[in-house]
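Protein chains in written order, with our numbering: chain A, 1 to 385; chain B, 1 to 316.
Calculated from the structure, these hints are not laboratory results. Accuracy of the hints is not assured; some may be wrong.
[Claimed, not checked] Subject to a maximum C-alpha distance of 27 Å in a straight line, what follows is the list of computed DSS-like cross-link-like pairs (lysine-lysine):
{"no.": "1", "chain 1": "A", "residue 1": "Lys142", "chain 2": "B", "residue 2": "Lys159"}
{"no.": "2", "chain 1": "B", "residue 1": "Lys125", "chain 2": "B", "residue 2": "Lys218"}
{"no.": "3", "chain 1": "A", "residue 1": "Lys112", "chain 2": "A", "residue 2": "Lys52"}
{"no.": "4", "chain 1": "A", "residue 1": "Lys42", "chain 2": "A", "residue 2": "Lys8"}
{"no.": "5", "chain 1": "A", "residue 1": "Lys133", "chain 2": "B", "residue 2": "Lys159"}
{"no.": "6", "chain 1": "A", "residue 1": "Lys343", "chain 2": "B", "residue 2": "Lys159"}
{"no.": "7", "chain 1": "A", "residue 1": "Lys119", "chain 2": "A", "residue 2": "Lys133"}
{"no.": "8", "chain 1": "A", "residue 1": "Lys142", "chain 2": "B", "residue 2": "Lys161"}
{"no.": "9", "chain 1": "A", "residue 1": "Lys343", "chain 2": "B", "residue 2": "Lys101"}
{"no.": "10", "chain 1": "B", "residue 1": "Lys159", "chain 2": "A", "residue 2": "Lys112"}
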Amino acid sequence: MTFYEDNKELYDSIPAEKFQLVQNNEDIHDAAFRTKPIGFFKDVWLRFIRNKASVIGGIIILIIMVFAAIGPSMNSYTYTEQHTDLANMPPKVPWIAKLNLGIMDGHYTLTKRQYDNIKDTSKYPEGCILKLKNPRIINGVKIVDVVVDYYKYKGLDDSQCYWLGSDYLGRDIWTRLWKGTRISLFIALFSVLCNVIIGVIYGSICGYYGGAVDMVLQRIMEIINAFPRIVVLTLFIMVAGTGMFSLIMAMVIKGWIPIARMIRSQFYRFKGHEYVLASRTMGTNDQKLIFRHILPNSIGPVITQAMMAVPTTIFSESFLAYIGLGLQAPNSSIGVMLSTGQKVLMQYPTQVLYPAIIISLLMICFNLFGDGLRDAFDPTQRGVS
Amino acid sequence: MVRYILQRILAMILTLLIILTVAFMVVRLMPGSVFDLDPELSDTAIKAMNAKYHFDQPMIKQYGYFMADVLFHNDWGTSIAMRPNVAVWDILKDRIPVTLKLNLISLFAALPFGLFFGIVAAINKNTLVDHLVSLMVVLFISIPSFIYAAGLQYFVGYKWKWLPLIYDPAAHGWAQFRSMILPMLALSFDPIARVARYLRAELIENINSDYMLLAKAKGLTFRQSIMRHALRNSMVPMMNIIIPMFAEVLSGSLVIESIFAVAGMGGLMVDSINSSDHMLTVAILMFYSLISLITILIVDISYGIVDPRVRMGVKG
Chain A
1 MTFYEDNKEL YDSIPAEKFQ LVQNNEDIHD AAFRTKPIGF FKDVWLRFIR
51 NKASVIGGII ILIIMVFAAI GPSMNSYTYT EQHTDLANMP PKVPWIAKLN
101 LGIMDGHYTL TKRQYDNIKD TSKYPEGCIL KLKNPRIING VKIVDVVVDY
151 YKYKGLDDSQ CYWLGSDYLG RDIWTRLWKG TRISLFIALF SVLCNVIIGV
201 IYGSICGYYG GAVDMVLQRI MEIINAFPRI VVLTLFIMVA GTGMFSLIMA
251 MVIKGWIPIA RMIRSQFYRF KGHEYVLASR TMGTNDQKLI FRHILPNSIG
301 PVITQAMMAV PTTIFSESFL AYIGLGLQAP NSSIGVMLST GQKVLMQYPT
351 QVLYPAIIIS LLMICFNLFG DGLRDAFDPT QRGVS
Chain B
1 MVRYILQRIL AMILTLLIIL TVAFMVVRLM PGSVFDLDPE LSDTAIKAMN
51 AKYHFDQPMI KQYGYFMADV LFHNDWGTSI AMRPNVAVWD ILKDRIPVTL
101 KLNLISLFAA LPFGLFFGIV AAINKNTLVD HLVSLMVVLF ISIPSFIYAA
151 GLQYFVGYKW KWLPLIYDPA AHGWAQFRSM ILPMLALSFD PIARVARYLR
201 AELIENINSD YMLLAKAKGL TFRQSIMRHA LRNSMVPMMN IIIPMFAEVL
251 SGSLVIESIF AVAGMGGLMV DSINSSDHML TVAILMFYSL ISLITILIVD
301 ISYGIVDPRV RMGVKG
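Produce the complete structure using the sequences and hints provided.
Take a look at the structure:
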């Protein structure tokens with residue numbers, strides 16, 4: 001029974017000329033799209049650039065990457081070049097030194113020097129003394145702290161300088177810092193890439209086939225996951241040695257599990273959908289169903305989770321360096337620089353300062369960047385963390 | 001429920017045994033370890049080594065002896081480099097309390113601050129206060145604890161001389177506590193931020209729920225409705241992030257302890273790795289495994305109590 005049949009009398013009582021077609025004289029607005037269609041990635045991009053913090057995070061990451069690429073070749077030092085007579089030089093950048101800000105001008109405070117020796121040019125070369133501080137008398141000897149231009153004190157001319165100072169073997173910290181950043185980033189990105197590949201394949205098999213296969217693979221995953229992270233890292237490095245490859249492998253042992261879990265749950269969510277069923281009915285094979293039809297649904301979460309894993313991996317690398325399982329000399333990484341700098345923290349705090357700034361920036365920016373990606377890929381997740 | 005708990009405990013023991021096995025393989029099979037007998041050793045020395053470590057037996061028997069020593073005699077071997085000829089267990093037993101004390105105090109000292117920041121941020125959602133707390137959370141979570149440790153040690157300890165630079169094992173009472181403040185601070189930043197972030201999200205969700213509307217409708221003040229209803233409901237899931245956080249704090253303290261020279265497990269582990277004292281390293285790693293497995297066990301069981309679906313084995 002339709003509406004018309006119910007009210008037949010009412011409709012038939014209206015004369016035919018009173019009827020008029022809607023849209024008779026109007027433009028039909030939805031005949032064609034006036035604007036260009038927005039695809040998935042365009043949509044994500046538009047949402048992403050609205051989040052200022054993550055855009056800034058992304059830009060800072062890019063800047064650090066550019067410096068990691070070109071930084072080591074920006075001056076004449078190499079990262080292994082040692083000048084043991086020029087160990088622990090303070091930072092000096094000529095154009096900053098000219099501004100007289102008191103930073104990066106190569107000054108260094110020599111504490112507890114005898115006042116009587118100040119005029120002795122064999123000990124203090126011409127013009128190296130900037131300031132005398134804190135005069136006091138200890139055991140009848142006049143003692144002062146002398147602020148010197150350390151480069152002149154060492155008898156170097158103006159042309160030679162270490163931009164960020166040198167370490168305990170007289171190696172240039174600028175070169176080593178960027179070289180180290182490059183290696184840390186490489187370890188992080190490469191191990192995350194391995195994690196994604198393993199996690200996607202493992203999770204796909206678990207989620208797609210389900211049943212007994214899933215059951216067995218899940219148990220294996222649970223066992224691996226039960227090992228505490230530090231224990232795995234430490235034992236693996238102890239056996240495999242402290243090369244870059246074994247560091248990457250150590251990060252992979254447990255790192256793929258969160259991605260596999262996520263992919264598995266995505267498969268469980270999508271494999272029952274009608275479009276998958278339709279495709280299967282038409283004879284699509286497993287491989288195509290997995291990679292063409294179901295997996296692309298998870299591309300957002302995979303990218304997000306991979307980005308979130310990068311800072312964790314950078315942290316793990318530094319952590320291992322701190323407990324003595326980092327890269328071996330003469331290699332450099334952020335963690336190695338931090339842990340060697342830590343030993344002379346009180347005397348030369350700048351040796352910790354610069355790697356600390358880089359690792360903090362990287363950690364903060366990758367976290368912000370990851371947050372932004374998560375919100376852009378899945379707006380319903382906004383604010384959940 | 002009892003069945004579920006027994007299952008979890010069994011799984012935990014199994015995991016520990018696997019880790020022990022791996023540890024055995026690491027110590028015995030690692031190239032260049034002390035257990036590669038030096039051919040220049042005298043016969044008596046070799047005999048003594050064999051009597052102690054059973055090198056003349058096949059590997060599977062060595063494994064049996066190792067497991068039996070560890071499991072039934074609490075014999076973790078002997079330190080060879082750090083404190084030669086001292087039993088590993090004797091070294092550990094003085095250190096464990098120090099580490100536990102440091103970490104437990106850091107975690108529990110962090111809680112009230114985390115709760116406070118979380119509540120303040122949730123109540124003042126999307127105001128300046130909330131944004132400041134969010135900034136703090138990002139900084140505290142992102143920047144590694146050893147960076148904070150270095151900063152605190154340099155500025156508070158060395159430049160301004162407010163607190164001792166390193167841990168003082170000889171001091172007692174207040175003086176010792178003072179020397180523990182800096183490592184505790186460095187360790188507590190991360191839990192503070194995590195608790196604050198989690199509580200903020202939970203509390204905001206609860207504030208927007210229907211029962212809060214009812215509470216308001218029946219005439220409770222804002223403060224009453226927050227304290228009596230929203231906060232209580234937000235605290236239930238908090239337990240599940242606080243317990244695993246202990247394992248995280250503990251792993252952070254590995255580095256922090258060695259930076260501040262705390263005479264605990266962390267510093268010991270760093271030293272033992274650097275001096276290749278493998279027996280010691282393995283025993284310390286087992287300690288960390290045990291702690292982290294226990295925290296997982298507690299969380300699993302508490303989930304099972306709170307949510308019956310978990311112990312029925314229903315997969316989400």
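For each hint, the structure was consulted:
1. Of the pairs offered as hints, the one joining Lys142/A and Lys159/B holds, with about 24 Å between alpha carbons and a cut-off of 27 Å not exceeded.
2. For the hint pairing Lys125/B with Lys218/B, the CA-to-CA distance comes to about 24 Å; that is within 27 Å, so the pair holds.
3. Restraint check for Lys112/A and Lys52/A: not satisfied, since their Cα atoms lie roughly 50 Å apart, outside the 27 Å limit.
4. For the proposed pair Lys42/A and Lys8/A, the alpha carbon gap of about 52 Å is over 27 Å, so the pair is violated.
5. For a cut-off of 27 Å, the pair hint linking Lys133/A to Lys159/B stands: about 16 Å separates their Cα positions.
6. As the CA atoms of Lys343/A and Lys159/B are separated by approximately 17 Å, the hinted pair is consistent with the 27 Å bound.
7. Proposed proximity of Lys119/A and Lys133/A is supported: the alpha carbons are some 15 Å apart, at most 27 Å.
8. Taking the CA atoms of Lys142/A and Lys161/B, the gap is about 25 Å. The hint holds against a cut of 27 Å.
9. With a C-alpha separation of about 26 Å, the suggested pair Lys343/A and Lys101/B falls inside the 27 Å cut-off, and the hint holds.
10. Between Lys159/B and Lys112/A the alpha-carbon distance is near 17 Å, which keeps this suggested pair within the 27 Å criterion.
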